[in-house]
Amino acid sequence: MIEVQGLCKSFDGKVVLHDIDAFFEAGKTSLIIGQSGSGKTVFMKCVVGLLQADAGNLSYDGRDFLRLSKREKKNLRKEMGMIFQSAALFDSMTVLENVMFPLNMFSSKTRIEIENRAKFCLDRVNLSEAYLKYPDELSGGMQKRVAIARAIALNPKYLFCDEPNSGLDPKTSLIIDELILDITREYHITTLINTHDMNSVMGIGEKIIFLCEGRKEWEGTKDDVVSSSNKKLNDFIFASDLFKKVRAVETKDGK
Amino acid sequence: MFKAIGTFGRYLALMGRVFSRPERMRMYFREFIAEVEKLGVNSSGIVILISLFIGAVITVQIKYNIQSAWMPQWVVGYTTREILLLEFSSSIMCLILSGKVGSNIASEIGTMRVTQQIDALEIMGVNSASYLILPKIAALMFFIPVLVTFSIFFGIIGAYMTCWFVGIMTATELESGLLHDFNPYFVLCSYIKSLFFAYIIASVSAFYGYTVEGGSLDVGKASTNSVVSCSVLILFADLVLTNMLSA
Numbered sequence: 000m001i002e003v004q005g006l007c008k009s010f011d012g013k014v015v016l017h018d019i020d021a022f023f024e025a026g027k028t029s030l031i032i033g034q035s036g037s038g039k040t041v042f043m044k045c046v047v048g049l050l051q052a053d054a055g056n057l058s059y060d061g062r063d064f065l066r067l068s069k070r071e072k073k074n075l076r077k078e079m080g081m082i083f084q085s086a087a088l089f090d091s092m093t094v095l096e097n098v099m100f101p102l103n104m105f106s107s108k109t110r111i112e113i114e115n116r117a118k119f120c121l122d123r124v125n126l127s128e129a130y131l132k133y134p135d136e137l138s139g140g141m142q143k144r145v146a147i148a149r150a151i152a153l154n155p156k157y158l159f160c161d162e163p164n165s166g167l168d169p170k171t172s173l174i175i176d177e178l179i180l181d182i183t184r185e186y187h188i189t190t191l192i193n194t195h196d197m198n199s200v201m202g203i204g205e206k207i208i209f210l211c212e213g214r215k216e217w218e219g220t221k222d223d224v225v226s227s228s229n230k231k232l233n234d235f236i237f238a239s240d241l242f243k244k245v246r247a248v249e250t251k252d253g254k
Numbered sequence: 000m001f002k003a004i005g006t007f008g009r010y011l012a013l014m015g016r017v018f019s020r021p022e023r024m025r026m027y028f029r030e031f032i033a034e035v036e037k038l039g040v041n042s043s044g045i046v047i048l049i050s051l052f053i054g055a056v057i058t059v060q061i062k063y064n065i066q067s068a069w070m071p072q073w074v075v076g077y078t079t080r081e082i083l084l085l086e087f088s089s090s091i092m093c094l095i096l097s098g099k100v101g102s103n104i105a106s107e108i109g110t111m112r113v114t115q116q117i118d119a120l121e122i123m124g125v126n127s128a129s130y131l132i133l134p135k136i137a138a139l140m141f142f143i144p145v146l147v148t149f150s151i152f153f154g155i156i157g158a159y160m161t162c163w164f165v166g167i168m169t170a171t172e173l174e175s176g177l178l179h180d181f182n183p184y185f186v187l188c189s190y191i192k193s194l195f196f197a198y199i200i201a202s203v204s205a206f207y208g209y210t211v212e213g214g215s216l217d218v219g220k221a222s223t224n225s226v227v228s229c230s231v232l233i234l235f236a237d238l239v240l241t242n243m244l245s246a
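If you read the sequences in order, they're chains A and B. The numbers in numbering that gives the first Met the number 0 rise by one with no breaks, and the one at position 106 of the first sequence is 105. The numbers in numbering that gives the first Met the number 0 rise by one with no breaks, and the one at position 112 of the second sequence is 111.
Chain B with its partners taken away, still in its complex shape (with noise of 0.2 Å):
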């Protein structure tokens, strides 16, 4: 208990650190722009690929197993469109992000301190923290919208294969479904938790790798524990979340 405070209270430091005035902003504004691409854009195939499946999966789990002969065609539609908006294409394709870019953040920033990278920042009188940390947070919390956009669409077009592929129904009757009592501001929902998570595994992942000690080793644990304690986290925002935008 003691220890989670005290990394607590390192991590609210370091944050202090990071969110100070930068050196020279036109550095920083090129470090944010790498880091879009490196961060976002290179997540997209994955996002894309796995919203694809996922939406498939979906219409496939709910056509054979929930529906019945009592039930209207549009539930189909419609339940794969709600958790798509509501849980996957936010909070699922986040946690397989913290697996992905947190991994990613923290590896690089544990490596960097373990060959005394950051030492060299803080030597020349750099604020190694906000130079190396802040422009991912940015970067990732700019970009995760789009990816949410991107996994909302090809979730949804993963559900037209299931009918253009497979035949399991007409595409007008999953149509129908999927426009039944269509409610936008799921679709908001989706985009402010993203953000949310965005930040927490952009930033926890940072913490991690920053004040990794030790060598190789060290950095490899440092990139793990990143990742179990950003999904912990989410999932825990989630739920917050969740309940705050629904009440």
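For reference, chain A alone in the conformation it holds in the complex (with noise of 0.2 Å):
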């Protein structure tokens, strides 16, 4: 469970996040979405530790991450796993390699436990033929369930996706997003996603908070989302080829 209370952020004096709270509950997805330059990913770098704060509490379980020692701020962090944009695997190393990496880093367990966890998780994003790959080898979908396979291969009690899905095809965004929804409900993991992709939204959005010039505009469920009287929101998921379709149905049903 994320706690983010009053969370301010700005550059250069030009403000990017204006006072957010936001709750994220254990074993759910919850869903980042708005426009880009919105601040997205400012709020998620500031929620992960990547960017100082200037204002606001954020509690990790009850742990307040900005008042956390060094040393406890680096035990955190190794509950936490993240998946980046543009997945950020390490070149220099194979697909086995990029996986075992926080294990030869943090654990205490044997090469051969070592290996085997990372074939495991390999397995679990259905890699196991590419282990001994480099990630220039592999394509796009791929690279990102490697970022997947390497964020849970520490069994982390966090999870955080910055557009998971930019850069995918629909199908294979579609297996991403069903991948990161089932490892959520499998390790009952806290998950923090970033999204433009109303697919996404539609798929595995149990929880959504619209963000807008930096504001909180909106939360709710996926449920609520087409039936919100928020105007940004409406021009936001309105703007997409998914919800368009589903507004000429609407007006053609005569809803």
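Treat the hints with caution; some may be incorrect.
[What the hints assert, rightly or not] Taking lysine-lysine pairs in the DSS-like style, the calculated list, with each CA pair at most 25 Å apart, reads:
#, chain 1, residue 1, chain 2, residue 2
1, A, Lys73, A, Lys156
2, A, Lys156, A, Lys132
3, A, Lys132, B, Lys2
4, A, Lys44, A, Lys13
5, A, Lys44, A, Lys108
6, B, Lys2, A, Lys13
Simulated from the structure, these hints should not be mistaken for laboratory data.
From these two lone chains plus the hints, build me the complex, please.
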């Protein structure tokens, strides 16, 4: 469970996040949606601690992140996994070495146990055929799956995904979405996903937060999205092809 | 001026993170071995090649342009040896390495920064500065004495080549000069200077790479800036160290 209160962030005097409150439950996928430049990535970077928030509180299962010592923060980080927009795999390592990396760094298991765990994670994302390949030999979707395997290698309690479907075709996007949802439920992880893909919103959005110009404009579930009266949210979601079709069908049906 | 002070401050802050206790020594050692091969062993070829030619060129230059009938025969070998020991094999060789190794380090770390690989390390709880930079500094400082030794040895071989293949003088004449008034302290000076230069090359290039912001163009700029800064700092350090070691 992650709790965010009054989170603010600015760069060179320009306020990027205005007083954001949010609550993310364990075992559920929470989606942060919004246009490009709405502050989604900055919000996620503040939550994971890659950027220092100017103000606000941030709590991980009751642990006040902003007041933790360096050592405590480091320990907390071992409970986090992150999937970056670019996958961010280490290109000098093979797929298997990428997944073994966090285990080699932090677990006290033997080399055989580490290798078995890495192979298990890769099998979980259906990549058993790519152990010895290098990241540049993989497709975008496969790279994202390796990133997921690496993120879950240490059994994280918190999973962060920054636009996991960016640059992927719809079918591969669906596979990645389902994988994230399954893993979230299977391991009871608190999952935060940044996206502007409306297919993801309707597919795996158990909780949705809509950011607009750095402010939290709307919060609800995927069932509430279509019926919302928030104009900015409507402008955003009905700009997508999927929702244009939904609206067209509704208009035709006289709803 | 303020910008330079700010940059120096950020460099010191980064070095503070670099020289902190490694999370897992085994992983750092593995990186260290890989870096010895990448930065050190893979630079041997260029060091040997350049040293051979420079040794030969110095000998030819001194023979044709400096030596006269009024000077003893050993002047050519003696001067060649002193140039190789005192300046070429440490300072000039490190200036050349700052181009090869420095740009390699800056572009490698810079690319990792812009492709979010460094962020991925940070999220895992790894001290990315230490994990990426410390093995490079240690590897280059560990291997640089070997490169200096190669440079001295092959520089002298180059000098001999002018006798064997060009015949500008006899090998015995050259040898008498090479052995004339030999001071082993100069070899030690060369090693000491090269250790400082190795630290400058690895740490300054890594700083430029680590602090890249933007995209591939910025990585290119950082790589160029790192070579320029390393070269200037090596020349400055050479002046200071030569003064200190010669006093």
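Assess, step by step, whether the Cα of lysine 44 of chain A is no farther than 25 Å from the Cα of lysine 13 of chain A, and give holds or violated.
-> With a Cα-Cα distance of about 17 Å, the restraint between lysine 44 of chain A and lysine 13 of chain A holds, given a limit of 25 Å.
Restraint check for lysine 2 of chain B with lysine 13 of chain A, where alpha carbons must lie at most 25 Å apart | holds, 23 Å
For the pair supplied as a hint, lysine 132 of chain A and lysine 2 of chain B, confirm whether the alpha-carbon distance does not exceed 25 Å.
-> violated, 44 Å
Agreement of lysine 156 of chain A and lysine 132 of chain A with the hint, judged by alpha carbon distance not exceeding 25 Å | Violated, at about 28 Å.
Distance restraint between lysine 44 of chain A and lysine 108 of chain A, which requires alpha-carbon spacing of 25 Å or less | Distance ~30 Å between lysine 44 of chain A and lysine 108 of chain A Cα, so the pair is violated.
Pair hint outcome, lysine 73 of chain A versus lysine 156 of chain A [Cα-Cα no greater than 25 Å] | The given pair, whose Cα atoms are some 14 Å apart, holds under the 25 Å limit.
In this structure, the hints that do not hold are numbers 2, 3 and 5, in rising order.
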